[in-house]
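S.K.: Each chain, letter by letter, is given below.
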Amino acid sequence: GDSVTQMEGPVTLSEEAFLTINCTYTATGYPSLFWYVQYPGEGLQLLLKATKADDKGSNKGFEATYRKETTSFHLEKGSVQVSDSAVYFCALTDSGAGSYQLTFGKGTKLSVIP
Amino acid sequence: NAGVTQTPKFQVLKTGQSMTLQCAQDMNHNSMYWYRQDPGMGLRLIYYSASEGTTDKGEVPNGYNVSRLNKREFSLRLESAAPSQTSVYFCASSADRGRETQYFGPGTRLLVL
Chain A
2 GDSVTQMEGP VTLSEEAFLT INCTYTATGY PSLFWYVQYP GEGLQLLLKA
52 TKADDKGSNK GFEATYRKET TSFHLEKGSV QVSDSAVYFC ALTDSGAGSY
102 QLTFGKGTKL SVIP
Chain B
4 NAGVTQTPKF QVLKTGQSMT LQCAQDMNHN SMYWYRQDPG MGLRLIYYSA
54 SEGTTDKGEV PNGYNVSRLN KREFSLRLES AAPSQTSVYF CASSADRGRE
104 TQYFGPGTRL LVL
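For the record, the sequence lines run as chains A and B. Sequential numbering of the first sequence, starting at 2, is according to this note's numbering. Sequential numbering of the second sequence, starting at 4, is according to this note's numbering.
Same shape as in the complex, but just chain A:
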């Protein structure tokens, strides 16, 4: 079945540091890939997405590129802020497998310190 593996946290960075959170996936069909963010005490919000190979999703300074050859969708940001402290989830939907649910990774908790 489909699966998402993302780097386990927690990750602690200083403000203005470079962020990478690794995400790799296994899918039967041709998935769409997502990064969701969960701020403390809140639900999940879509951060960015990509629906085909080599697409780059971007939002709020975050970027991720859909790499079919390495089955990866790593999240990056050049300079993190304290307000970026949250839990980040990589996820996919795989309509080619006949399933339309989101399959999530386990989440990576990011803490940014001043």
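To be clear, the hints were calculated from the coordinates, so they are not data collected in a lab. Each hint should be verified, as a subset may be incorrect.
Derived EDC-like pairs: lysine to aspartate or glutamate, alpha-carbon spacing no greater than 16 Å straight-line [what the hints assert, rightly or not]: (1) A:K110 x B:E103; (2) A:K53 x B:E103; (3) A:K107 x B:D41; (4) A:K110 x A:E77; (5) B:K12 x A:E43; (6) A:K110 x A:E43; (7) A:K107 x B:E62.
Among chain A residues calculated to face chain B with C-beta under 10 Å, some are [claimed, not checked]: (8) V5; (9) S33; (10) Y37; (11) E43; (12) Q46; (13) F90; (14) Q102; (15) F105.
Which residues of chain A face chain B? A partial, calculated answer using Cβ under 10 Å [said to hold, decoys possible]: (16) L45; (17) G62; (18) F63; (19) D85; (20) T94; (21) L103; (22) G106.
All C-beta atoms in this analysis are idealised placements derived from N, C-alpha and C, irrespective of residue type, glycine included.
Assemble the complex: chain A is given as a structure, and chain B must be docked to it using the hints.
M.R.: Relative to the frame of chain A, chain B by itself:
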């Protein structure tokens, strides 16, 4: 435009009690979902409704039932709560199934004693 709303926000149950979690969306979405979130497990799909009048099991359906009351509302029922159902429950909706973005509610925190 409230998006996806969930009630209650927090609930404490005793083992064996029943309850219904309510979810509503005002985005005219066709598809709705129920997930549970447990520490270190990410989110796991309990049930989903691809369109009004249909429901299907997800990854962890045991101990739950759902009702797609109309296009806006999708409820999750625990008939006989167990401590293993202590979790945070999220409802989500999307315009359609497949590649569409899912929009999440704020969650219901459930504690079963």
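S.K.: Indicate, hint by hint, whether the structure satisfies it.
M.R.: So, going through the hints one by one against the coordinates:
1. A:K110 x B:E103: 25 Å, violated
2. A:K53 x B:E103: 13 Å, holds
3. A:K107 x B:D41: 9 Å, holds
4. A:K110 x A:E77: 14 Å, holds
5. B:K12 x A:E43: 11 Å, holds
6. A:K110 x A:E43: 14 Å, holds
7. A:K107 x B:E62: 15 Å, holds
8. V5: 8 Å, holds
9. S33: At 4 Å from the nearest chain B Cβ, A:S33 passes the 10 Å test, so the hint holds.
10. Y37: With Cβ-Cβ at 8 Å, under 10 Å, it holds.
11. E43: 6 Å, holds
12. Q46: 7 Å, holds
13. F90: 6 Å, holds
14. Q102: 5 Å, holds
15. F105: Interface hint status for A:F105: holds (4 Å vs cutoff 10 Å).
16. L45: This hint holds: A:L45 lies near chain B, its Cβ roughly 4 Å from the closest one there, short of 10 Å.
17. G62: 20 Å, violated
18. F63: 16 Å, violated
19. D85: 19 Å, violated
20. T94: 6 Å, holds
21. L103: 6 Å, holds
22. G106: Holds: closest Cβ of chain B sits about 6 Å from A:G106, inside 10 Å.
Hint violations for this structure: numbers 1, 17, 18, 19, all remaining hints satisfied.
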